[in-house]
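*Asks:* Sequence:
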Amino acid sequence: MTKTNAGRFFEDYAVGDVITHAVPRTISGGERALYHALYPARGALYSSDEFARTCGLSASPVDDLVTFHTVFGKTVPDVSLNAVANLGYAEGRWLQPVYPGDTLLSQSEVIGVKQNSNGKSGVVWVRTTGRNQRDEVVLSYVRWVMVRKRGDGAAPDTVIPELSAAVAASDISVPDGLTFAGYDFAQAGEPHRLADYAVGEIIDHVDGVTIEEAEHMLATRLWQNTAKVHFDATNRPDGKRLIYGGHVISLVRALSFNGLANAQMIVALNGGAHANPCFAGDTVRAWSEVLDIAETDAPGVGAIRLRLVATKGEAGVLRGEDGKYHPDVLLDLDYWALMPL
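Counted from 1, the sequence shown has number 61 at position 61 by the numbering used here; the numbering is strictly sequential.
Among the hints, a few may not be true.
What the hints assert, rightly or not - Computed list of lysine-lysine pairs in DSS-like fashion (alpha-carbon distance at most 30 Å, straight line): (1) Lys324 x Lys114; (2) Lys3 x Lys228; (3) Lys240 x Lys324; (4) Lys324 x Lys120; (5) Lys312 x Lys324; (6) Lys120 x Lys240; (7) Lys228 x Lys324; (8) Lys312 x Lys240; (9) Lys149 x Lys114; (10) Lys240 x Lys228; (11) Lys228 x Lys120; (12) Lys149 x Lys240; (13) Lys240 x Lys114; (14) Lys149 x Lys120; (15) Lys3 x Lys120; (16) Lys149 x Lys228; (17) Lys114 x Lys228; (18) Lys149 x Lys324; (19) Lys149 x Lys3; (20) Lys312 x Lys228.
Claimed, not checked - What follows is a list of derived Cβ distance ranges for each label pair: (21) Arg193 x Thr2: 56 to 64 Å; (22) Glu109 x Asp297: 24 to 32 Å; (23) Ala6 x Arg221: 19 to 27 Å; (24) Thr283 x Asn5: 34 to 42 Å; (25) Thr226 x Ser58: 27 to 35 Å; (26) Pro237 x Gly16: 32 to 40 Å; (27) Gly101 x Glu314: 42 to 50 Å; (28) Asn5 x His36: 29 to 37 Å; (29) Glu201 x Gly239: 18 to 26 Å.
Since the hints were derived computationally from the structure, they do not count as laboratory data. Since the model is a prediction, treat every value here as computed from it, not as a measurement. Note that CB positions come from ideal geometry on N, CA and C, so glycine has one too.
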């Protein structure tokens, strides 16, 4: 009897399947320390308990992307172990802050499948929900991933889900008690508030970071991501290990501090695409475009919708003349963040 698991292939998914992912994880201060070691993260709300208390929270939560990576990592053995690539995201909402001591669990529902024309792979859509030890939903999002087929057998019937183009500002969840009424701009690092930004504005975040093999391997292990394309150099014909897309997301989110230091909390993920593969040795830069601005009911708290782009090239360049992503563009991410008015 075979006791090992080769992972699911495209034929193994059916719309309506609900997958409870193994190995719950209790978050500690270790995740925060390692996150700050891996990325140049400097958000004040995630760095200081005292700063967080002045903003109405009981303590400093872990970075929203720590929550994302932890919930995401649980799904990999069941959803993307045999993936060719992770393709995109939609309808993401952070619903509760996560604090050291919280335990996170993940569950996914298959909401779409479509075989590719080559007959060797297909796209699978899943809606993943992360819950804490009190069964409160802390994160929910949709992602779609290209998965290899096991063979030449019949594919499941095509179902393509209808997804919202963006999370409405009215559906953003602001943590209970959060207030920016007494926000300390000096401690946060920049004076810019929501009123200082304009829709259509492009922000060049200036700095670049060269990705090392050791860093992305440590990050992928930290989030317990077991996808073969990240670990096994024989998995791709070119002998390269693909950088985990979440590693790129965290890297450029941290780089965006220079110009967006007061975009403190990610509360929604409207959409995202890993436009081109990223490998060790690539030097990654970041730029943002302001897409929308909104108010919330929380004191002094506004919301800013941003396009965050990871690139090996110039700021402001997204697509070529053919309408496709420029070859230098690695990531195109659309998200809402909370910012003082």
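*Asks:* Evaluate each hint against the coordinates.
*Replies:* Going through the hints against the structure:
no.: 1; hint: Lys324 x Lys114; in the structure: holds, 22 Å
no.: 2; hint: Lys3 x Lys228; in the structure: holds, 19 Å
no.: 3; hint: Lys240 x Lys324; in the structure: holds, 24 Å
no.: 4; hint: Lys324 x Lys120; in the structure: holds, 24 Å
no.: 5; hint: Lys312 x Lys324; in the structure: holds, 16 Å
no.: 6; hint: Lys120 x Lys240; in the structure: holds, 21 Å
no.: 7; hint: Lys228 x Lys324; in the structure: holds, 28 Å
no.: 8; hint: Lys312 x Lys240; in the structure: holds, 18 Å
no.: 9; hint: Lys149 x Lys114; in the structure: holds, 12 Å
no.: 10; hint: Lys240 x Lys228; in the structure: holds, 11 Å
no.: 11; hint: Lys228 x Lys120; in the structure: holds, 17 Å
no.: 12; hint: Lys149 x Lys240; in the structure: holds, 21 Å
no.: 13; hint: Lys240 x Lys114; in the structure: holds, 27 Å
no.: 14; hint: Lys149 x Lys120; in the structure: holds, 5 Å
no.: 15; hint: Lys3 x Lys120; in the structure: holds, 26 Å
no.: 16; hint: Lys149 x Lys228; in the structure: holds, 15 Å
no.: 17; hint: Lys114 x Lys228; in the structure: holds, 22 Å
no.: 18; hint: Lys149 x Lys324; in the structure: holds, 27 Å
no.: 19; hint: Lys149 x Lys3; in the structure: holds, 21 Å
no.: 20; hint: Lys312 x Lys228; in the structure: holds, 25 Å
no.: 21; hint: Arg193 x Thr2: 56 to 64 Å; in the structure: holds, 59 Å
no.: 22; hint: Glu109 x Asp297: 24 to 32 Å; in the structure: holds, 31 Å
no.: 23; hint: Ala6 x Arg221: 19 to 27 Å; in the structure: holds, 20 Å
no.: 24; hint: Thr283 x Asn5: 34 to 42 Å; in the structure: holds, 37 Å
no.: 25; hint: Thr226 x Ser58: 27 to 35 Å; in the structure: holds, 34 Å
no.: 26; hint: Pro237 x Gly16: 32 to 40 Å; in the structure: holds, 35 Å
no.: 27; hint: Gly101 x Glu314: 42 to 50 Å; in the structure: holds, 43 Å
no.: 28; hint: Asn5 x His36: 29 to 37 Å; in the structure: holds, 34 Å
no.: 29; hint: Glu201 x Gly239: 18 to 26 Å; in the structure: violated, 42 Å
The earlier numbered hint that this structure contradicts is number 29, and it is the only one.
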